[in-house]
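Enquirer: As a plain string of letters, each chain reads:
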Amino acid sequence: MTDTANPLIRIAGLSKSFGDFVAVDDIHLDIGRSELFSILGGSGCGKSTLLRMLAGFETPSAGKVEIDGIDVTHLPPYERPVNMMFQSYAVFPHMNVEKNIAYGLRKDRVGKHEIARRVDDMLELVQLGDFRQRKTDQLSGGQLQRVALARALIKRPKVLLLDEPLAALDKKLRERTQFELMNIQDELGITFVVVTHDQEEAMTLSSRIAVMNEGRFLQVGEPKEIYEYPCNRFVANFIGTINTFEGTVASVDPDGISIQCEELGSTLRAVGDYAVAVGQAVGVAVRPEKIFISRSEPEDLYDARLRGIVDDQGYLGNLSLYRVRLESGKMIQVSSQNRRRSSKRFVEWDDEIWISWQPLSAVVLVD
Amino acid sequence: MQKRSLFILSTLAFGYAFLYIPLISVVIYSFNDSNLATIWGGFSTRWYGELFRNDQILDAMFLSLRIAATAATLATVLGTMAGLLLARFGNFRGRTVFSGMITSPLVMPEVITGLSLLLLFVSLKQYFGWPDQRGFGTITIAHTTFAMAYVAVIVRSRLAAMDESLEEAAMDLGGRPFRVVFDITLPLIAPAMIAGWLLAFTLSLDDLVIASFVSGPGASTLPMYIFSKVKLGVTPDINALASIFILIVSTGLLIAWATLRKSRIR
Chain R
1 MTDTANPLIR
11 IAGLSKSFGD
21 FVAVDDIHLD
31 IGRSELFSIL
41 GGSGCGKSTL
51 LRMLAGFETP
61 SAGKVEIDGI
71 DVTHLPPYER
81 PVNMMFQSYA
91 VFPHMNVEKN
101 IAYGLRKDRV
111 GKHEIARRVD
121 DMLELVQLGD
131 FRQRKTDQLS
141 GGQLQRVALA
151 RALIKRPKVL
161 LLDEPLAALD
171 KKLRERTQFE
181 LMNIQDELGI
191 TFVVVTHDQE
201 EAMTLSSRIA
211 VMNEGRFLQV
221 GEPKEIYEYP
231 CNRFVANFIG
241 TINTFEGTVA
251 SVDPDGISIQ
261 CEELGSTLRA
271 VGDYAVAVGQ
281 AVGVAVRPEK
291 IFISRSEPED
301 LYDARLRGIV
311 DDQGYLGNLS
321 LYRVRLESGK
331 MIQVSSQNRR
341 RSSKRFVEWD
351 DEIWISWQPL
361 SAVVLVD
Chain X
368 MQKRSLFILS
378 TLAFGYAFLY
388 IPLISVVIYS
398 FNDSNLATIW
408 GGFSTRWYGE
418 LFRNDQILDA
428 MFLSLRIAAT
438 AATLATVLGT
448 MAGLLLARFG
458 NFRGRTVFSG
468 MITSPLVMPE
478 VITGLSLLLL
488 FVSLKQYFGW
498 PDQRGFGTIT
508 IAHTTFAMAY
518 VAVIVRSRLA
528 AMDESLEEAA
538 MDLGGRPFRV
548 VFDITLPLIA
558 PAMIAGWLLA
568 FTLSLDDLVI
578 ASFVSGPGAS
588 TLPMYIFSKV
598 KLGVTPDINA
608 LASIFILIVS
618 TGLLIAWATL
628 RKSRIR
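Chains R and X are the protein sequences, given in the same order.
Note that this note's numbering has the first sequence beginning at 1, numbered continuously upward.
Note that this note's numbering has the second sequence beginning at 368, numbered continuously upward.
Listed below are several chain R residues computed to face chain X (Cβ distance under 10 Å; list not exhaustive): (1) 56; (2) 78; (3) 79; (4) 84; (5) 94; (6) 95; (7) 106.
Just so you know, these hints were derived from the structure itself, not from any lab.
Idealized CB from N, CA, C, for every residue including glycine.
Take these sequences, add in the hints, and give me the full structure.
Expert: Right, dumping it as C-alpha cells:
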C-alpha cells in the first residue's frame with residue numbers, strides 16, 4: 001500500500017515545543033501517494049500542532065517535512081502544495097459560495113475562463129450546483145463543510161489536510177459525509193491527512209491510522225491492525241473497549257504463551273509470537289465482542305472459561321451489552337449481536353452464567 | 368407579577384425622564400418665540416433662521432465639522448492598525464502593557480490630556496518652530512490621539528470575536544499576508560471601523576475641554592463658541608444650535624450602534 005521508497009510526505013524528527021511544553025515530540029512518518037491517513041488522539045495530544053506544521057502555520061522546533069521530495073519545512077503556507085480544511089470550515093462570510101471556492105485560483109492569477117470551468121467542476125463534485133450564488137449564512141452545516149472541501153480541493157493540492165472534518169456535523173450526516181469523503185478521495189487520488197479524536201471516524205475513513213498521545217506516535221498501522229493488535233495499553237484502551245487482566249508469564253511455547261493471572265485465579269492462553277520472558281508482568285486484553293456468554297459450561301477446554309454473574313445489561317438494538325461480575329469480583333464487559341428477533345431477554349440480572357473466549361482473541365500487552 | 372412589572376416600568380420611566388427631560392426641554396425651547404431663553408412665548412422657528420445668518424456660529428460649526436471628519440478619519444486608520452497589531456500579531460514582547468495602555472486615554476481626565484497636549488505643542492514650537500499657530504491642526508491632532516484609542520478598542524474586540532482560521536484559510540489558499548488583510552480582515556472588520564469612525568466623529572464634535580487647551584486665537588469650535596456665549600447669558604439661538612447638535616450626535620451614535628448590531632447578527 002505504501003510505496004516506502006518514494007513517499008509523498010516524509011516527516012523526519014519533527015518536534016514542536018511551546019516554552020517548556022513539548023507538543024510534538026520527534027515524529028518520524030512516511031505517507032504514501034493516495035493514502036487516506038488519520039492521526040488519532042485525544043485533545044491536547046499534539047495532533048493539531050502536527051497538522052499545522054504540515055500546513056505551514058507553525059514552525060517546527062526541530063526536524064523537517066518533505067513533500068514530494070521537496071523540503072517545505074520553512075515554506076510559508078501560501079507556498080506549499082498543500083491545502084487545508086479547517087475544523088470551523090472558515091468559509092469566508094462576506095463572499096458567496098462561488099467566490100469562496102474560486103479564492104485560491106484567483107490568488108494564483110489563473111485565467112477567468114479556467115476559474116469558471118474549475119469552479120463548475122468543484123460545485124458538481126460536492127453537489128452544490130444550485131447554491132453557487134448563495135451567501136454563506138444561508139447554508140447548513142453540511143453545505144458549509146462541502147464549500148470548505150471544494151475550496152481546498154480546487155487548487156489540486158498534493159495533500160489535503162483535514163482538521164476534524166466531521167466533528168461539527170450531526171450523526172446521520174456524519175456517516176453519509178464519511179463515505180462521500182472517501183469517494184472523493186478515491187476519485188481524485190489526492191493524499192488526505194485527517195486529524196480526528198473520533199476513533200470510529202478514523203476506522204472507517206482511513207487506509208492507515210497513527211495513534212498519538214503526548215506528542216508521540218504510539219502505533220501506526222491499518223485500522224484492523226490497530227484494533228486487533230494494539231501494541232500497548234494506551235492504544236488498546238483508546239480504540240474501542242477492552243477488558244484487561246494483569247498477570248505474569250508462566251510459560252512460553254512455539255504456539256503462544258500462558259499467563260498466570262492472579263486476579264482471576266487461573267491461567268490464560270494467548271496465541272501469537274510475543275517477545276516475553278517467563279516471570280515477566282504482562283496484561284492480557286480481550287475485546288467485549290470476542291467473549292461468548294452462555295448459560296451452561298462451554299465445551300471447548302482450550303478456551304478461557306470463567307464463571308460470573310450478570311451485574312448489568314443494556315439493549316442497544318443491534319447489540320446487547322453485559323457487565324459480568326466474575327467470581328474473583330472483577331467486572332468485565334461483554335457484547336453480543338442480537339441475531340435473533342425476540343422480545344425476551346437471553347439472560348436476566350443476577351443470572352449465573354459462563355463466559356469464554358478463544359486464545360486467539362487474547363492480546364498480550366507488554367507496556 | 369403585575370405589580371412588580373409596574374414598579375419596574377415606573378423606575379425605568381423615572382430614570383429615562385431624568386436623562387432626557389433636560390435634552391427635550393432644550394429642543395422645545397428652541398422653538399420658543401420669546402426673546403428670553405427661559406420664558407415661553409409661543410411657537411416659532413425664527414431662531415433657526417437667526418442661527419444661519421450668524422457668521423460666527425457658522426464658522427465655528429464648519430470648523431468643528433472639519434476637525435471631526437479629519438480626526439475621525441485619522442483615528443480610524445491609526446486605531447485600526449493598533450487594534451490589528453494587538454489582536455493578530457501573536458504574543459510579542461510587551462503586548463499586555465500595550466493592551467492596557469491603549470485604554471488609558473479613555474479614562475484619563477480630559478483636563479490632563481488637554482494640558483499635556485498643550486505643553487507638547489508649546490515645546491514643539493519652541494524647538495522645531497512647529498506648530499506656529501494653534502488651531503485646526505493642533506485640535507485635530509489632539510482629537511485624533513484620544514479618538515484612536517476608542518477605535519482601537521472597538522476593532523480589537525471585533526477581531527477577538529472573529530475566527531482566526533478565516534485568515535489562515537486565505538493564506539493556505541495562496542494569499543500573501545498583506546493581501547489577506549485586504550481580502551479578508553478589513554472587509555470583516557469594516558462594520559467596527561465604521562462604528563469607530565462615527566464614535567470618533569461625535570466625540571470630537573462634543574469635545575470642549577481638550578479643544579480649549581490646544582486651540583489658539585481665532586479658532587473656536589462650536590462647543591467653545593457656545594460655552595463662551597452662555598457665560599454671558601443663555602440666548603434662544605443657542606437652544607436652536609444645541610438642538611441641531613443633539614440631532615447630529617444622536618444620528619451618528621444610532622448609525623454606529625446599528626452597524627455594529629447588524630454585523631453581530633450576521
